[in-house]
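Colleague: Here are the chains, one letter per residue:
2 protein chains.
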Amino acid sequence: MLSKTQAKYIQSLVHKKFREQYGQYIIEGPKLLSEAISANLNGISKIYAYPSWIENMPHDWQQHRIEVIPVNEDEMKKISTLTTPGPVLAMMQIPSAPVITAFPGITLLLDAIQDPGNLGTIIRNADWFGVRNIICGEGCVDCYNPKVIQSTMGSLFRTNIMYEDLSLFLDRQQGIPVMAASLEGTMLREVKRTNDVFLVIGNESKGIRQHILQRATVKVRIPGGGETESLNAAVATGILLYWLTVDC
Amino acid sequence: MLSKTQAKYIQSLVHKKFREQYGQYIIEGPKLLSEAISANLNGISKIYAYPSWIENMPHDWQQHRIEVIPVNEDEMKKISTLTTPGPVLAMMQIPSAPVITAFPGITLLLDAIQDPGNLGTIIRNADWFGVRNIICGEGCVDCYNPKVIQSTMGSLFRTNIMYEDLSLFLDRQQGIPVMAASLEGTMLREVKRTNDVFLVIGNESKGIRQHILQRATVKVRIPGGGETESLNAAVATGILLYWLTVDC
Numbered sequence: 002m003l004s005k006t007q008a009k010y011i012q013s014l015v016h017k018k019f020r021e022q023y024g025q026y027i028i029e030g031p032k033l034l035s036e037a038i039s040a041n042l043n044g045i046s047k048i049y050a051y052p053s054w055i056e057n058m059p060h061d062w063q064q065h066r067i068e069v070i071p072v073n074e075d076e077m078k079k080i081s082t083l084t085t086p087g088p089v090l091a092m093m094q095i096p097s098a099p100v101i102t103a104f105p106g107i108t109l110l111l112d113a114i115q116d117p118g119n120l121g122t123i124i125r126n127a128d129w130f131g132v133r134n135i136i137c138g139e140g141c142v143d144c145y146n147p148k149v150i151q152s153t154m155g156s157l158f159r160t161n162i163m164y165e166d167l168s169l170f171l172d173r174q175q176g177i178p179v180m181a182a183s184l185e186g187t188m189l190r191e192v193k194r195t196n197d198v199f200l201v202i203g204n205e206s207k208g209i210r211q212h213i214l215q216r217a218t219v220k221v222r223i224p225g226g227g228e229t230e231s232l233n234a235a236v237a238t239g240i241l242l243y244w245l246t247v248d249c
Numbered sequence: 002m003l004s005k006t007q008a009k010y011i012q013s014l015v016h017k018k019f020r021e022q023y024g025q026y027i028i029e030g031p032k033l034l035s036e037a038i039s040a041n042l043n044g045i046s047k048i049y050a051y052p053s054w055i056e057n058m059p060h061d062w063q064q065h066r067i068e069v070i071p072v073n074e075d076e077m078k079k080i081s082t083l084t085t086p087g088p089v090l091a092m093m094q095i096p097s098a099p100v101i102t103a104f105p106g107i108t109l110l111l112d113a114i115q116d117p118g119n120l121g122t123i124i125r126n127a128d129w130f131g132v133r134n135i136i137c138g139e140g141c142v143d144c145y146n147p148k149v150i151q152s153t154m155g156s157l158f159r160t161n162i163m164y165e166d167l168s169l170f171l172d173r174q175q176g177i178p179v180m181a182a183s184l185e186g187t188m189l190r191e192v193k194r195t196n197d198v199f200l201v202i203g204n205e206s207k208g209i210r211q212h213i214l215q216r217a218t219v220k221v222r223i224p225g226g227g228e229t230e231s232l233n234a235a236v237a238t239g240i241l242l243y244w245l246t247v248d249c
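Going down the list, the protein sequences come from chains P and Y. Residue 2 is where the first sequence starts when you use this note's numbering, and the numbers rise one by one after that. Residue 2 is where the second sequence starts when you use this note's numbering, and the numbers rise one by one after that.
Bear in mind the hints are in silico, worked out from the structure with no lab data behind them. Do not take every clue at face value.
Since copy identity is lost for identical chains, a pair holds within one copy or between any two.
With a Cα cut of at most 30 Å, we get these calculated DSBU-like pairs of lysine-lysine [stated by the list, open to error]: (1) Lys207 <-> Lys79; (2) Lys148 <-> Lys207; (3) Lys78 <-> Lys207; (4) Lys32 <-> Lys5; (5) Lys207 <-> Lys32; (6) Lys32 <-> Lys220; (7) Lys18 <-> Lys5; (8) Lys47 <-> Lys18; (9) Lys5 <-> Lys17; (10) Lys17 <-> Lys78; (11) Lys32 <-> Lys193; (12) Lys79 <-> Lys47; (13) Lys78 <-> Lys18.
Let the sequences and hints guide you as you build the complete structure.
Modeller: Pasting the structure below:
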């Protein structure tokens with residue numbers, strides 16, 4: 002049974018403002034919950050699920066002091082952000098921002114990635130290619146946005162995501178080559194890869210802002226492109242991570 | 002001024018059933034319209050736009066016998082599928098299905114790509130890497146779905162998209178190597194590229210169906226993947242097209 006107050010509270014977490022105020026966010030579906038269990042069990046505050054799902058739950062939640070609240074389909078529809086709500090929704094604690102002092106390997110720097118699906122897919126790409134650290138600059142969508150979380154497919158729990166002004170970040174972190182994805186860049190095959198790199202990906206329609214682009218040690222371009230203006234930001238990130246990590 | 006009947010007609014084109022019945026679909030925004038003008042001017046039936054946009058229109062539509070209907074913001078909201086409607090929406094003729102008899106270079110075979118954003122992004126990838134032909138198998142979302150069109154960013158007008166049962170297609174087209182993207186495949190670097198190839202991409206959650214996978218000459222896997230199960234379908238397609246087209 003779901004109280005009106007509870008339902009209203011959960012619904013409010015769709016908005017960044019309330020996520021920040023309460024320090025909580027929601028995840029939906031068995032797949033994401035199972036990823037949360039593996040990666041971040043202590044982050045789970047409450048679970049809302051169909052009674053049939055609770056009966057067959059794979060874990061002893063009481064042992065972990067996680068409250069499990071049975072809800073029916075109508076109640077789930079009220080609190081779910083999905084068109085087709087799943088059998089389970091969990092409320093999670095937003096972890097405190099990671100403090101990262103060293104940036105070995107590849108670090109992604111995102112300049113105003115606005116589309117939630119794109120940010121989620123970029124986080125999933127990072128996880129696939131073993132990239133641990135992602136710096137979201139000004140104008141990036143919040144990574145606890147429900148659509149971002151859905152697109153990450155669980156990779157959110159395995160990456161460090163920091164929100165910081167990219168200029169200030171680059172001021173602090175000197176000495177690591179800055180590679181910017183740009184249509185005016187040098188073709189990949191002509192560029193030398195480095196072990197440590199800050200890979201900058203720009204906004205979906207405007208690309209990388211000029212004052213960030215100026216910080217680039219090298220600008221790179223993915224070959225191709227006839228009449229198309231550009232690749233999708235998440236696809237471009239995927240190709241660049243493939244190129245950076247794979248001895249092809 | 003938009004009549005109720007017109008508004009209802011345009012709204013109905015959100016549904017595949019009515020698009021097929023009327024042979025029409027809609028595109029939105031100046032960017033897509035400008036792509037349609039370059040690639041498929043004769044396909045434009047009608048344009049609905051704000052008076053301010055019409056005044057500064059870059060083309061003489063009367064010359065092309067295209068009717069331009071001024072609408073206000075309230076009317077545009079009614080017929081638009083976007084959260085933030087743009088100044089212009091156009092009604093387009095669905096072209097007759099292309100008849101393609103030869104498949105030089107890379108042809109994409111899509112097995113039940115269901116997410117409109119993914120299909121749109123895959124079409125955009127194809128255009129970027131010069132892939133002309135895409136075969137959408139059973140279970141693929143309709144390419145005239147408004148969300149697909151939005152994600153293609155105009156690439157829809159520059160690619161041939163056929164809907165056909167993939168088994169039947171492969172029965173008819175013998176002799177071209179079939180490359181299937183699969184988590185059980187051989188790492189890319191160990192695979193020999195061929196000039197002509199059918200590249201098969203599977204469903205977002207289930208991958209390629211068994212009876213299609215059996216037709217593969219070679220199964221390929223993109224290196225990477227720690228705890229992540231897979232890459233997004235559109236990202237995987239982008240990386241494979243990069244690998245196939247680029248001498249990296």
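Colleague: All hints are to be evaluated individually against the structure, with a verdict given for each.
Modeller: Cross-check of the supplied hints:
no.: 1; hint: Lys207 <-> Lys79; result: between (37 Å within a copy, 29 Å between copies)
no.: 2; hint: Lys148 <-> Lys207; result: both (22 Å within a copy, 21 Å between copies)
no.: 3; hint: Lys78 <-> Lys207; result: between (37 Å within a copy, 26 Å between copies)
no.: 4; hint: Lys32 <-> Lys5; result: within (27 Å within a copy, 44 Å between copies)
no.: 5; hint: Lys207 <-> Lys32; result: between (34 Å within a copy, 14 Å between copies)
no.: 6; hint: Lys32 <-> Lys220; result: between (38 Å within a copy, 26 Å between copies)
no.: 7; hint: Lys18 <-> Lys5; result: within (20 Å within a copy, 39 Å between copies)
no.: 8; hint: Lys47 <-> Lys18; result: within (20 Å within a copy, 42 Å between copies)
no.: 9; hint: Lys5 <-> Lys17; result: within (21 Å within a copy, 38 Å between copies)
no.: 10; hint: Lys17 <-> Lys78; result: both (20 Å within a copy, 26 Å between copies)
no.: 11; hint: Lys32 <-> Lys193; result: neither (39 Å within a copy, 35 Å between copies)
no.: 12; hint: Lys79 <-> Lys47; result: within (16 Å within a copy, 40 Å between copies)
no.: 13; hint: Lys78 <-> Lys18; result: both (22 Å within a copy, 27 Å between copies)
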